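2 protein chains.
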Amino acid sequence: MMSCCHTPAQDPAQAVLDNIATRTSIRHYTDERLTDAEIETLLRAGMAAPTAINLQPWHFVVVTDSAVAARMTTGRVNRMYAEAPCLIVVCGETTTMARRHDTPADAEPVERDNLNWPIDCSAACENILLAAHAMGLGGVWTACYPYPERYEVVKEVLGIPEKVMPLAVLPIGHPAEAPAPKDKWKPEKVHTGRW
Amino acid sequence: MMSCCHTPAQDPAQAVLDNIATRTSIRHYTDERLTDAEIETLLRAGMAAPTAINLQPWHFVVVTDSAVAARMTTGRVNRMYAEAPCLIVVCGETTTMARRHDTPADAEPVERDNLNWPIDCSAACENILLAAHAMGLGGVWTACYPYPERYEVVKEVLGIPEKVMPLAVLPIGHPAEAPAPKDKWKPEKVHTGRW
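Chains A and B, in that order, are what the protein sequence lines are. So the first sequence is numbered by this note's numbering: it starts at 3 and just counts up by one. So the second sequence is numbered by this note's numbering: it starts at 3 and just counts up by one.
I should point out that these hints are in silico values taken from the structure, not numbers from a laboratory. Heads up, a few of these hints could be off.
Said to hold, decoys possible - Pairs of lysine to aspartate or glutamate, EDC-like flavour, derived with a Cα cap of 20 Å:
{"no.": "1", "chain 1": "A", "residue 1": "K188", "chain 2": "B", "residue 2": "E190"}
{"no.": "2", "chain 1": "B", "residue 1": "K186", "chain 2": "A", "residue 2": "E34"}
{"no.": "3", "chain 1": "A", "residue 1": "K165", "chain 2": "B", "residue 2": "E190"}
What the hints assert, rightly or not - The following residues of chain A were derived to be distant from chain B, with all beta-carbon distances above 12 Å:
{"no.": "4", "residue": "A72"}
{"no.": "5", "residue": "A125"}
{"no.": "6", "residue": "P177"}
Remember, predicted model here, so these are calculated numbers, not experimental data. Beta carbons: idealized from backbone N, C-alpha and C, even for Gly.
Next up, chain A with everything else stripped away, as it sits in the complex:
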């Protein structure tokens, strides 16, 4: 066989593992806007996450107006909102009409608390941040829930309904910084067989 004339094929599995390992929080962005296609790619990644009994309790508010973003800022931890060309606010429905997981499939649905919404929406957030990193974008997970001083502001500014809760605001843009990813591997966190 002849040697290849262009960049060697990268193993797709290694590309995924490297992307997970090298993702890190990006808090400063250039002025470049995200395209609509880029935003849709990020949202598709979010909606590909698994959810408990496939309820997909999420909603995504996309903010690209820096004046609105500035009104969502509540302090030092999220002062980057107005600098980011795009905020994706990942929200969850806190109630559901689905039947309980422990009832028969034909049981009548009733409105009840959906205890899994923060878990499901967290998986969506991680998918979005991983997709952003793969696309050469950068983002950071800033918490709303469970901090009333943050989520009440976000709900008010964005008109989020009573039974929907913003879990996190993800500012995303083209990176204007290149911090080294943290090495968080700690073998002492692994318990083999039992604790």
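Given chain A, work out where chain B should sit, using these hints.
Relative to the frame of chain A, chain B by itself:
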């Protein structure tokens, strides 16, 4: 330029996006064991997730003994535990000695509830499932928290300390089924500008 003699180089970004889009729950596995290297790769992916103020509140219990796995099974939703060659139990420390996020950097740390542990551990779960899929393995997210009838059994069987909570059990193995990934893209879940 000459055409390449082997498989064209795949775009690493597309490999990541495709991996997110095609991951789906795998609930049946062959008898093939996971290697120690594969398990470490999965755990490294988990520990690469972001955590609130970088607390890394997670622990991971690795169960490869099907007799132990069978004792963790509590019903229909997790009946696959004993079939899986490996369970990764993702746990979180429910308290922390870190200072509160809204106090000065030199404030005295005190033990307090860590409200973010389910969120942080959910990001770790998603990383592990994405890594497994990339590696040709398959897994499924089965909830422990917030269901006492599940997490109390898992805590008892694995000897998990009082202030640590198992969020999820991830059975992982070589797939013995090939279900089509769900298409969960719903444009009506996107709210542009505000709700």
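Checking each numbered hint in turn, tell me which of them this model violates, lowest number first.
1, 2 and 5
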